[in-house]
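There are 2 protein chains.
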Amino acid sequence: MPVYKYDVTMTCSGCSGAVTRVLSKLDGVNSFDVSLETQKVTVDSDKLSEQEILEKIQKTGKAAKVAA
Amino acid sequence: MPVYKYDVTMTCSGCSGAVTRVLSKLDGVNSFDVSLETQKVTVDSDKLSEQEILEKIQKTGKAAKVAA
Chain R
1 MPVYKYDVTM TCSGCSGAVT RVLSKLDGVN SFDVSLETQK VTVDSDKLSE QEILEKIQKT
61 GKAAKVAA
Chain Y
1 MPVYKYDVTM TCSGCSGAVT RVLSKLDGVN SFDVSLETQK VTVDSDKLSE QEILEKIQKT
61 GKAAKVAA
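Protein chains in written order, with the UniProt record's numbering: chain R, 1 to 68; chain Y, 1 to 68.
If you are wondering where the hints come from, they were derived from the structure by calculation, not from laboratory data. A few of these clues could be false.
As the list claims (entries may be wrong) - Once the Cα atoms are required to be at most 27 Å apart in a straight line, the calculated BS3-like pairs of lysine-lysine come out as:
(1) R/K56 to Y/K65
(2) R/K59 to Y/K59
(3) Y/K25 to R/K56
(4) R/K40 to R/K56
(5) R/K25 to R/K59
(6) R/K40 to Y/K56
Please take these sequences and the hints and turn them into a complete structure.
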């Protein structure tokens, strides 16, 4: 199953909590991890593309991009 | 023009910045104000309903409701 990694700017637990809430509600996600410390979001999905997940994360208003 | 008011849980400037970014990109909004201090968001729109705007704010992953 593909695992996608993103850099997401999050500055407090409210920020990381918001990203967590959005990913929790997203159909097609098997599992995910949101790290405030490393500013990384990892998503395991075999139904959604890297780009589709990125757009959902960006809908939170956070600056986000696919991690290099 | 109707002005809608919402209570939105925001705990840092990254949180309020995310809400600001989403409202900035939303078509049909004449003006808006996001206050981290009072946890209030005010939106002036004659094209969108109170509920439509609430749903956009909730897409950020923040806890939000129409202000009493």
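Hints, verified against the model:
With a C-alpha separation of about 21 Å, the suggested pairing of R/K56 with Y/K65 holds against the 27 Å cut-off. Between R/K59 and Y/K59 the alpha-carbon distance is near 6 Å, which keeps this suggested pair within the 27 Å criterion. A distance of roughly 15 Å separates the Cα atoms of Y/K25 and R/K56; the hinted pair therefore holds under the 27 Å criterion. Taking the CA atoms of R/K40 and R/K56, the gap is about 15 Å. The hint holds against a cut of 27 Å.
Pair hint R/K25 plus R/K59 holds up; C-alpha atoms about 13 Å apart against a cutoff of 27 Å. Restraint check: the Cα-Cα separation between R/K40 and Y/K56 comes to about 24 Å, which is no more than 27 Å; the hinted pair holds.
Hint check: no violations occur; every hint is consistent with the structure.
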